[in-house]
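Construct the entire structure; sequences and hints are all you get.
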Amino acid sequence: MNVKYLIPFVEAAYEVLQAEANVQMQRGQLALDKGAYITDEITVILSLVGDVLGMVFYSMSEETALKIVSGVLGEELKEMDALAQSGVAELGNVITGRASVKLSHTGFESTISPPTLMIGKGALISTLDIPRLVVPLKGDPGELTIHLALVESPNKGVSSAKLAVPSAPIIKLKD
Amino acid sequence: MSNVKFMNPFVEAASEVLKAEVQAEVRRGTLSLQKASLTTDDVTVLISLVGEVQGVVLYGFSVETCLAIVSRITEQEFKEFDNLAQSGIAELGNVITGRATIKLSESGYRSNISPPTLIHGRGIQISTLDFSRIVVPLVTEFGDIVVHLALRESPPGAGDHNFVPISIP
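Quick note, the sequences are listed as chains A and B, same order.
Residue numbers for the first sequence follow the working numbering, so the first one is 1 and each next one is one higher.
Residue numbers for the second sequence follow the working numbering, so the first one is 1 and each next one is one higher.
FYI, nobody ran anything at the bench for these hints, they're computed from the structure.
Treat the hints loosely; a few may be bogus.
[Said to hold, decoys possible] Below, in silico cross-link-like pairs of lysine-lysine (DSSO-like), each with a Cα-Cα straight-line distance of 30 Å or less:
(1) A:Lys34 with B:Lys79
(2) B:Lys35 with A:Lys121
(3) A:Lys121 with A:Lys138
(4) A:Lys102 with A:Lys138
[Unchecked claim] Which residues of chain A face chain B? A few of them, derived with a C-beta cut under 10 Å, are:
(5) Ile7
(6) Ser61
(7) Pro115
[As the list claims (entries may be wrong)] Computed list of chain B residues with no C-beta within reach of chain A, every gap over 12 Å:
(8) Thr30
(9) Phe78
(10) Pro156
For every residue, glycine included, the Cβ atom is placed at its ideal position computed from N, Cα and C.
Next comes the structure, spelled out in structure tokens:
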């Protein structure tokens, strides 16, 4: 696991939570975890495929999820209904999307999968041989933990050439 | 809306892989389409697809089925669902999904797959949100393997931005 993937996610999470839910988050203590992750009440799972490969989990308590989604929607949500589930998954989607754009600026192009939402405490999630970098973010709504299990793809740059296509012809023809 | 045309490559791939790896005959059970979230069995392998077809594929097993399959693949008796067994069953999901995506690309839907994630714990709810799932039980001598396909064709222009828009009900 490479720490260089971390900053884009932390930045993206800050920016998205600030802009969407108007909350400030503080970064807690980093940890590298090789064991399985024991789920919190709510977990959003997304995969990255491309030059960087792996999974991202966002875990939080139900209370935190409801507070954040209430902030995003501007209305008080009391239970984890379809709207709240969709909202929290979308939040994971937006953070990851933003992070993947930042990653692409550092030369790692990737595409993200649609989010999957897990509800239920105490299951074990294993990313197998990919260790997880764990970053807790703390703030008013509670704690949101980002788990990054990412590796550089062995095929980085092999599968396709990414050539920028100019919008206008470079060579001007004389008439 | 999940699409049935994406199902056959997965059923074929699963049959071929299980036949090759564990010499098991696979029979397809009754199909269903589910919109509500799924409640996990003992073990779930989750793999995402990204590309011209996108979404999530989940393989659900009981621990007994996992152990029987892994024991057969590695030709040694597994009593416990330890790291090696977990790795083996995740790899099985990976191989089936990889083979299925090759078949999908032959029918014009290219995609890449994510590394597998293994979920160990019964009774957790997994929601694929606005992706409805085609659920295909595969009946084998080792027990049932339930394949959940939450896949759809990527909307045109999906490559232009870096995330998938989700509709809010």
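Hints and how they fare:
1. A:Lys34 with B:Lys79: holds (23 Å)
2. B:Lys35 with A:Lys121: Within the cut-off at roughly 22 Å; holds.
3. A:Lys121 with A:Lys138: Satisfied, since the Cα-Cα distance of roughly 20 Å is no more than 30 Å.
4. A:Lys102 with A:Lys138: The given pair, whose Cα atoms are some 22 Å apart, holds under the 30 Å limit.
5. Ile7: Result: violated, 17 Å to nearest chain B Cβ.
6. Ser61: violated (15 Å)
7. Pro115: holds (7 Å)
8. Thr30: The claim stands: B:Thr30 keeps its Cβ more than 12 Å from every Cβ of chain A (closest is about 24 Å).
9. Phe78: B:Phe78 clear of chain A: closest Cβ-Cβ about 16 Å, beyond 12 Å.
10. Pro156: holds (15 Å)
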